[in-house]
Amino acid sequence: MAYERNIGDTILSVDQISLSFGGVKALSNISFAVREHEVFAIIGPNGAGKSSMLNCINGFYHPQEGTITFKGNTRRQVRPSEAARQGIARTFQNIALFNGMSTLDNIMTGRNTKMNKGIFWQALRFGPAEKEEMEHRAVVERVIDFLEIEAIRKTAVGTLPYGLQKRVELGRALAAEPDLLLLDEPMAGMNLEEKQDMCRFILDVNDEFGTTIVLIEHDMGVVMDISDRVVVLDYGKKLAEGTPDEVRTNQDVIDAYLGVSHDDEEA
Amino acid sequence: MLFLLETVISGLMAGVMYALVALGFVLIFKASGIFNFAQGVFALFAGLALYDFIATDGWFYELFGFALPVWLGIIATMGVMIIVAWLVEFLVLRHLVNQEPIILFMSTIGLAYFLEGLGDILFGSDVKPLDIGLPQGASDYLLDNFNLYVEKLEVVAAVVAAVLVVVLAIFFQKTRIGRALRAVADDHQAALSVGISLRTIWVIVWSVSGFVALVAGVMWGSKSGIQFSLSLIALKALPVLILGGFTSVPGAIIGGLIIGVGEKVAEVFAGPYVGGAIENWFAYVLALGFLLIRPQGLFGEKIIERV
Chain A
1 MAYERNIGDT ILSVDQISLS FGGVKALSNI SFAVREHEVF AIIGPNGAGK
51 SSMLNCINGF YHPQEGTITF KGNTRRQVRP SEAARQGIAR TFQNIALFNG
101 MSTLDNIMTG RNTKMNKGIF WQALRFGPAE KEEMEHRAVV ERVIDFLEIE
151 AIRKTAVGTL PYGLQKRVEL GRALAAEPDL LLLDEPMAGM NLEEKQDMCR
201 FILDVNDEFG TTIVLIEHDM GVVMDISDRV VVLDYGKKLA EGTPDEVRTN
251 QDVIDAYLGV SHDDEEA
Chain B
1 MLFLLETVIS GLMAGVMYAL VALGFVLIFK ASGIFNFAQG VFALFAGLAL
51 YDFIATDGWF YELFGFALPV WLGIIATMGV MIIVAWLVEF LVLRHLVNQE
101 PIILFMSTIG LAYFLEGLGD ILFGSDVKPL DIGLPQGASD YLLDNFNLYV
151 EKLEVVAAVV AAVLVVVLAI FFQKTRIGRA LRAVADDHQA ALSVGISLRT
201 IWVIVWSVSG FVALVAGVMW GSKSGIQFSL SLIALKALPV LILGGFTSVP
251 GAIIGGLIIG VGEKVAEVFA GPYVGGAIEN WFAYVLALGF LLIRPQGLFG
301 EKIIERV
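Note that the protein sequences, when read in sequence, are chains A and B.
For what it's worth, my numbering labels the leading residue of the first sequence as 1, then goes sequentially.
For what it's worth, my numbering labels the leading residue of the second sequence as 1, then goes sequentially.
If you're looking for bench data, these hints aren't it; they were derived computationally from the structure.
The reader is advised that the hints may include incorrect statements.
[What the hints assert, rightly or not] DEER-style ranges, computed between Cβ atoms: (1) B:Q173 to A:T10: 23 to 31 Å; (2) B:I121 to A:E130: 42 to 50 Å; (3) B:Q173 to A:G22: 42 to 50 Å.
[Said to hold, decoys possible] Derived pair list, reagent style DSSO-like, types lysine-lysine, alpha-carbon separation capped at 27 Å: (4) A:K131 to B:K174; (5) A:K131 to A:K71; (6) A:K114 to B:K174; (7) A:K131 to A:K154; (8) B:K128 to B:K223; (9) B:K174 to B:K152; (10) B:K128 to A:K154.
No residue lacks a Cβ here, since even glycine has one placed at the ideal position from N, Cα and C.
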């Protein structure tokens, strides 16, 4: 990579995860490890189990087998609100914003886990709660500056164009100052310019805040450019893991993507 | 002219009472998208519980040999409403996460009948005069100076409603929990992902609406005694909500006032021509007309669906 970062120890390790819905195996025996400060991509064809994997990590799904270790805490089942408190933030494949609320309020919800003044003060918005609100507002303003969305601060997000909504969603995740950021197809449906912006933001987040990023993306050019390491899933199984170059030349991966059986015709 | 003014004022005051009930609906609808049919019964139940705590012919007196002072009775009743809220979450809502709104609505109808029956068993079905020391009778000042007949109690109700609205509006717009409430209403998954616990939020919102129900119960109870017809006022809140918008706190108040004034004025001035009893149906006709012109209500959020 062009810039210097200290890739640290393992921050997230996924061990032997299996998940099924009724008779359908969504994930079988998946293991991988993500190291601190790296950009880690999960790729694979449609239905490979990529989103299911993210949902296991942040507690939406509870895998039947296997464990997930985050920052030294091993757990199989965790509630989503618990995962958020441990420092896992995420965005969604289909944007999940609070449409009735302004950009500012949406991003403020990201501070939820960091605000803890009692409901009594909250109700009056008085005393400690007032001060707390101000402090968090400052963090949120920094996020807004960072993502260059000052102009839409007060706009209801439901009325924003798609690309900006994606950016606001990223902002909400960033406002939590997460240790681990999960991005589910952050560039889906974007035009080239929007994609470039989003890439820049992802790299900047990683670079400036040292946030570890796990992302799912279909645009191979993007994945190969910005990821340190890649894991490839297909039909809920792990096909390969390694640097972008290693993965690119892996025959299993090529087959999965091109859908050809591995014959000797090219040899 | 003076008579018209008096009619309007008494309409406004009746409207405040409707608004207090409607407010409870708005809170739950705003935060969870559920139309809580049981809101009127909540007000009834809170009134019954309060009466029991402070009267000398209730259970509490029988068990402990003394009645609570009014302020302690109110706190104890609030405790009861929080327990009810918690039980609703634990026994009903928790098992219906991600279900269709209509299913949640049905469950609140069940809840309404259950609570009504429980209230009957626990406290009996006779009308109970609730006296917590709120001023009664006409305001002498207005009567002497302007020759206007205005009930003191209704003035108190108006002030209480105004304070409630301001506090609730600030709570919803400017605080973390208020934002969390709105977030939960918008998108469960996204709310979970930022660390909001649905269960906590639901207990909070049902408790707050229990509190609003308590206020409504106290006001109605002081005015006309606590009686089971109170649960029917819930139905009058429906046209109020259609007018004001289901998601707007100020809308509940304005809607309540319009309905209150509208039906009083219609009763007095148009009533004689159609044989009276306009008050019973005026609100619904007004709401029906409103649905044709402005279905989201005066202050409701306009829902834009992109195809």
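Non-conforming hints, listed in increasing numerical order | Violated hints: 1, 5, 9, 10; rest satisfied.
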